[in-house]
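Asks: Listed here are the chains, written in short residue letters.
2 protein chains.
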Amino acid sequence: MNLYERYADEIAELIRSGMLRPGDRLSSVRAASAARGLSRTTIFEAYYLLETRGLIEARPRSGYYVKGDPAKAGLEAPDDSKPNGKAKFVDIGQLVFELVGSLSRREFVPLGSAFLSPTLCPLTRLAAHLGTEMRDFDPWRLVEDLAPGNESLRRHIVLRYAMDGMVVAPTEVVLTNGAMEGLNLSLQAVTKPGDMVVVESPTFYAALQALDRLRLRALEVATSPTWGIDIDALSEALKCQRVAACWLMTNFQNPLGSLMPDDRKKALVALLAEHEIPLIEDDVYAELYFGAKKPLPAKALDSKGLVIHCGSFSKCLAPGYRVGWVAGGRFAGKIEQMRLMYTLSPAIPSEAAIAAYLDRGGYDRHLRRLRAALTRYLAIAMEAVQTHFPPGTRVSVPQGGYLLWLELPESVDTIKLHALARERCISLAPGPLFFTDHRARHCLRLNYGHAGDPRFASAMQTVGQLATALTTTCAMNETTATA
Amino acid sequence: MNLYERYADEIAELIRSGMLRPGDRLSSVRAASAARGLSRTTIFEAYYLLETRGLIEARPRSGYYVKGDPAKAGLEAPDDSKPNGKAKFVDIGQLVFELVGSLSRREFVPLGSAFLSPTLCPLTRLAAHLGTEMRDFDPWRLVEDLAPGNESLRRHIVLRYAMDGMVVAPTEVVLTNGAMEGLNLSLQAVTKPGDMVVVESPTFYAALQALDRLRLRALEVATSPTWGIDIDALSEALKCQRVAACWLMTNFQNPLGSLMPDDRKKALVALLAEHEIPLIEDDVYAELYFGAKKPLPAKALDSKGLVIHCGSFSKCLAPGYRVGWVAGGRFAGKIEQMRLMYTLSPAIPSEAAIAAYLDRGGYDRHLRRLRAALTRYLAIAMEAVQTHFPPGTRVSVPQGGYLLWLELPESVDTIKLHALARERCISLAPGPLFFTDHRARHCLRLNYGHAGDPRFASAMQTVGQLATALTTTCAMNETTATA
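Same order as they appear, the protein sequences are chains A and B.
In this text, residue positions in the first sequence follow the UniProt record's numbering: the first is 1, and each later residue adds one.
In this text, residue positions in the second sequence follow the UniProt record's numbering: the first is 1, and each later residue adds one.
Misleading hints may appear alongside valid ones.
Any copy will do: because identical chains look the same in the list, a pair fits if it lies in one copy or spans two.
Unchecked claim - The list that follows gives simulated cross-link-like pairs (lysine-lysine, BS3-like), each with its CA atoms no further than 30 Å apart:
#1 K334 x K192
#2 K416 x K334
#3 K304 x K334
#4 K88 x K192
#5 K88 x K334
#6 K192 x K86
#7 K239 x K304
#8 K86 x K304
No lab work stands behind these hints, which were simulated from the structure alone.
None of these values were measured; they are calculated from a predicted model.
Excised from the complex, chain A in its bound form (with noise of 0.2 Å):
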């Protein structure tokens, strides 16, 4: 990282945590760079930068000045979750393949994808990667690279674990293809069926559909949009219940973004090993961090070997190449062995390109420059809410990611909006698709990761203006019904 980059972080670190607010003026170029001994191009370029990133503005002769936070000029975060505490069977398959399945054309504006862009990742470097990498690829390696896996990517996998202040051995490391892979072959490991796992709430379909297929049941916790999930009820949760499992998204949870604090993962670790609980974290969105500094998984507390770590390049370097791993802990062995029974292994040329990319450098000025343009599409999504969604409306402040948790006016049907919403080639992700019981009718994740696609800012005024229109309609119901 350069220094201007380190600077900018630790300023935007400052906004971030609330040193910082709103309309403060930041010190001028000049007094910065006296009172840091950096240059004055270095204090330019780092202020530069916070500005593209949409973190501070320069105001003509004046200097420069903290943005409005988006979340903090009328609109309030949506309330936590407040799930029933019973667990239940899981049927969730068909509404999301209703819902979202057929929707990952082009022609949509895809508000409803779970996807980032892939027009934000190195795809030509990728590419040229597979081409050179497979040409010279020794024949054998194509057997021998199917467990466990090429080497040099479970290096690297270690590697940067290892920036991150954690061991973890490279015996450790399972490659996958992708996360799903991961987290279901997980999931298998520690339960078997008619067990207990604990999700948050709500949780990621994804996250549903595997209890479904494994035939689990799933306790949802409560959840905060802002902190995750609540560490007390999750507590009173295991006194009385004998769970096998908990999922959790500790860090930027789909859909809600919440980030859990580090004393908040702390206490969580420190429940699950008194009562011997294995962690399933899905941790596919760590790199997309907005703060200073990376945030560390619950796995990096873990002293038990029960949280098992997973990962993916899918979501921030290499889409559609189907690569991700698992931090298995004491189940790696047993993960491993399911995965060369049901899949055999991750594509080998996918891999090989990967581990090419990380051996000739750029990934984290890669990530910086995608974090960069998340940082500037959440302002422009947090704007667009603010500006065309119907009065009342609630939004999380994701502290990474690219998922947005929209809470409307509890009388605006998303299952409608969506139906509205797909006859204008607009893909939305309505509530009830996070929650076994398809509850939260009223609420959206939304994507913002497409911030950057020409068509994003009219969307986002179309649903706004249909979602407004719903609670018309609504209100008007119910005068001709009083009437």
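Take the given structure of chain A and dock chain B to it, following the hints.
Replies: Then chain B, alone, in the frame of chain A:
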């Protein structure tokens, strides 16, 4: 196919069917040319091809003769299996991982491997396609192609079915991470835990592992090393037990190499249709036939959508690319949804490279070369068995694929043999891997697809000598015991 290849295949078929017998003299080049209206060059090229395939030999100043069929020159076929007719839960995983798990490194002569030698595949061309396809790849297809998969590749699969006279709708084809995922998904689509599934006896250990993973019970049915599963025995079994599905390999079964004749396939499909039982047909070796014509799968005879046909490019074109498919009959929709929930998709670059390879043509030419190589390798392997293995060794004569099934004298414990061979860097696949009750300790599956490896001959000699020594040790022990 060229004229000379077509003529060579005709003769190969006559030999295979027994119309031409070992020692028979073929027409002279001049006579054949006159009789068939083909040029002498064509006849000569056909004879030359048959010679390289090990089917005929030129005797100086005498002409061309059908070579002795190695199977008929002293080696008997193994007996049909005689399972006990009881279904049981499977516990095979650990044995498989102990015996074959660590033996895929190149130091080992892979007689126990299930893989073809990757050097037999057009890897350089595939690599070139990877590079060029992905260089110009439309980024949006990295998302769009996840479901329902690369359109061009699915079209090629449908066209190849059509070439075989089969009508398969494009919507029926689900792309999978190798055939392994296809088979696992198919099995899960048509069963629930505790269900009974019919398998051949012996059967590929991956099938047993899948049953184990899904907590299904296996019902082994008697199977001939020549004709495949015994239809009468199957019919009896279905009368008295509730079977949820059959998992069979009708063509070049692993491990037996057996091939079900068309009339038996017809009877099989009719029997299962009568009971409304789905057939999962693992047909990964279909392209590797030695006769004149590709054998049709049972799928070709199915009119009720009950047959789920699983294929792959791993065995004959692109090892390690992890692309297979399922033509899922009436279960296709469910199988596709399950794949979306489990691994989402095969790797997009792998799909694109294989599609590009098929676009350019040359696949059938490659397959002809591959089949010719395997026919030669079979002859080499049979000769080695005859020369080096203990008297009384029986062996199947596969009509395709690259696997032999050996029945050694009862006194040879192949688990012991495996340990001895392992010390000499030779891998073996002992018989117990292929049975639910781990019986057949005197049997071996042998991969002859590596007979082009310069180490193959001496490895066969070593294994033969070790096996012979085990019979002697055993005889000596018996003598000592009686004395």
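Asks: With reference to the structure, classify each hint as holding or not holding.
Replies: Evaluation of the provided hints:
1. For a Cα distance limit of 30 Å, the shortest separation of K334 from K192 qualifies both inside one copy, at 14 Å, and across copies, at 22 Å.
2. For a Cα distance limit of 30 Å, the shortest separation of K416 from K334 across copies, 26 Å, qualifies, whereas the shortest one inside one copy, 44 Å, does not.
3. With identical chains, the CA atoms of K304 and K334 are at most 30 Å apart within one copy only, with a shortest distance of 16 Å there and 39 Å across copies.
4. Both within a single protomer and between protomers do K88 and K192 lie at most 30 Å apart by alpha-carbon distance, with minima of 15 Å and 19 Å respectively.
5. For a Cα distance limit of 30 Å, the shortest separation of K88 from K334 qualifies both inside one copy, at 27 Å, and across copies, at 23 Å.
6. Proximity of K192 and K86 under a CA criterion of 30 Å is satisfied in both settings, with 19 Å inside one chain copy and 25 Å between copies.
7. In this homomeric assembly, K239 and K304 come within 30 Å of each other (Cα to Cα) only inside a single copy, at 21 Å, whereas the closest approach across copies is 52 Å.
8. Taking the shortest alpha-carbon separations for K86 and K304, only the intra-copy value of 29 Å comes in at or below 30 Å, while the best inter-copy value is 43 Å.
Against the hints set out earlier in the document, no violation occurs for any number.
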